[in-house]
Amino acid sequence: MDPVAAKFLGAGLACLGMGLAAMGVGNIFGNFVAGALRNPSAAAGQFTNAIVGAALAEGLGIFALVVALVLLFVV
Amino acid sequence: MATNTSSGTQVPSKGGFPAFRVETYGSQLLWLAIAFGLLYYLMSRHIAPRIGGILEDRASRIASDLAAAQTMKAEADAATASYEKSLAEARANAQAIAAETKAKITAEADAERKTLEAKLAADLSTAEATIAKARESAMGNVRSIAVETAQAIVERLAGASAEASRVEAAVDAALKR
Amino acid sequence: MADPIKQFELVHLVPLKIGGADFGFTNSSLHMFIAVGVTAAFLLLSTSGRRLVPTRMQSMAELAYEFVAGTVRQTTGKEGMKFFPLVFSLFMFVLFGNLIGMIPGAFTVTSHIIVTAALAMLVITTVIVYGIMKHGTHWFALFAPSGLPKAILPVIVVIEVISFLSRPISLSLRLFGNMTAGHIALKVFAGFVTAMAGAGVLGMMGATLPVLMITALTALELLVAVLQAYVFTILTCIYLNDALHPGHH
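Chains as they are written, first to last, in the numbering used here: chain W, 1 to 75; chain Y, 76 to 252; chain Z, 253 to 501.
To be clear, the hints were calculated from the coordinates, so they are not data collected in a lab. Warning: the hint list may mix true and false statements.
What the hints assert, rightly or not - Distance condition first, Cα-Cα at most 25 Å in a straight line; then the derived SDA-like pairs of lysine to any residue: (1) Lys334/Z - Tyr116/Y; (2) Lys334/Z - Leu117/Y; (3) Lys334/Z - Arg125/Y; (4) Lys386/Z - Tyr116/Y; (5) Lys330/Z - Tyr115/Y; (6) Lys7/W - Ala433/Z; (7) Lys330/Z - Ala50/W; (8) Lys334/Z - Gly127/Y; (9) Lys334/Z - Ala134/Y; (10) Lys7/W - Val97/Y; (11) Lys258/Z - Phe95/Y; (12) Lys330/Z - Gly127/Y; (13) Lys330/Z - Arg120/Y.
Using the sequences and the hints given, assemble the complete structure.
Here is the structure:
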């Protein structure tokens, strides 16, 4: 296989990780909204936790992006 | 969304992603340290104390205003209480004065009535005495007249003078009837 | 199509070399000073009156102060307020670094990994140095939660150490990745506009679609800019809490 083609394929595959991270973030906020609808009075106190959880989940997706960027530009 | 419109020479590079170019790190770190150090200095020396001071001033001002309002309310309550107290005192005073005046007037009226009565009684008794005296003298006059008249009548009828003492006794007896 | 990476290129404004190494004043350095200048001007000028009843700008400065102070107090408790100038500086620097980067033509300071990594290392170094200064060797109890069976303790310690070491990496990569990805996406859609508009009248009409997309993405990126500044701040507070209270996990 052409090494350049393999590089781009690898970068594309790495970006799948971002989609998975998006699922994680969506899961967190979906559950947060579901919980907030059941008990709206408790929602405000848990918003920070939702943001932190989403940030941590998203961080792992960003790792995938960085892997893609490294494959594209560094390797 | 940014383009490098600013003039200048591009950092010489071997290509690749700009953020992964190690040769640019020294410059970035140096200027970041200077810029962030400046911000931290301003923040810790000027900005944070100033805004914190403003917020603290406001909090203490609100607290002191609330305390002042509390004391003023207490003062107003005390003033109301003292006013009500003095009002009650004045009312009690007025009632006492009224009662005293009434008693005084009653006593004066009584005294006046009593002196008047006494005077009237005295006048009455003098008048009665005068009347009795006048009556007595009048009665005395009537006896002597009657005695003289009886002597004269006896003298004329009998032609002899009657004994004075006998005439007097007879007159007295007649007067007594 | 224009290169979506070109917006991250550094340009020397004032070249400077010390001992052969490059320490030139670049567009990135300029925008760092712009972010610091805007922050300082906003916070200092708006509060110069020290009004008891605030003006609009003073109200905004107080709002920013109260927001960060509330976050610090909530996550680290009262003794965490000694780190308040650091946390507030980080928040304002990241916030204005992100927001100024949203102005077309401006450079995004936080889209360079060395900048975000330096900020993250500053936080983690503060945590380690202050933690050891205050608690001595007790601070290392952070890596060994109490009440665990002896058998699984080595595994847990290894996991905790790795999780601790991954903190500065994830903290810096998150901010860098968000900014980079967002700006590349905007630039790619902007490239679609020019590419389609060059293809005649039909292309010009079709080019309105990516313009709408850019508008929506710009709004999203503004949200991300503020949100990432907040995330950076609250994670900083959570990590600082480990320096203050290593026992309470």
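Hints versus structure:
Restraint check for Lys334/Z and Tyr116/Y: the C-alpha separation of about 14 Å stays at or below 25 Å, so the hint holds. Proposed proximity of Lys334/Z and Leu117/Y is supported: the alpha carbons are some 15 Å apart, at most 25 Å. Between Lys334/Z and Arg125/Y the alpha-carbon distance is near 15 Å, which keeps this suggested pair within the 25 Å criterion. About 23 Å separates the Cα atoms of Lys386/Z and Tyr116/Y, which keeps this hinted pair within 25 Å; it holds.
Taking the CA atoms of Lys330/Z and Tyr115/Y, the gap is near 21 Å; set against the 25 Å cutoff, the hint holds. About 19 Å separates the Cα atoms of Lys7/W and Ala433/Z, which keeps this hinted pair within 25 Å; it holds. Our distance criterion of 25 Å between C-alpha atoms is met by Lys330/Z and Ala50/W, whose separation comes to about 23 Å. Our distance criterion of 25 Å between C-alpha atoms is met by Lys334/Z and Gly127/Y, whose separation comes to about 13 Å.
At roughly 20 Å between alpha-carbon atoms, Lys334/Z and Ala134/Y fall within 25 Å of each other, so this suggested pair holds. Taking the CA atoms of Lys7/W and Val97/Y, the gap is about 22 Å. The hint holds against a cut of 25 Å. Restraint check for Lys258/Z and Phe95/Y: satisfied, since their Cα atoms lie roughly 13 Å apart, inside the 25 Å limit. Proximity of Lys330/Z to Gly127/Y is assessed by CA-CA distance (about 14 Å); at most 25 Å being required, the pair is judged to hold.
With a CA separation close to 20 Å, the supplied pair Lys330/Z and Arg120/Y stays within the 25 Å bound.
Every hint, counting from the list given before, is met by this structure.
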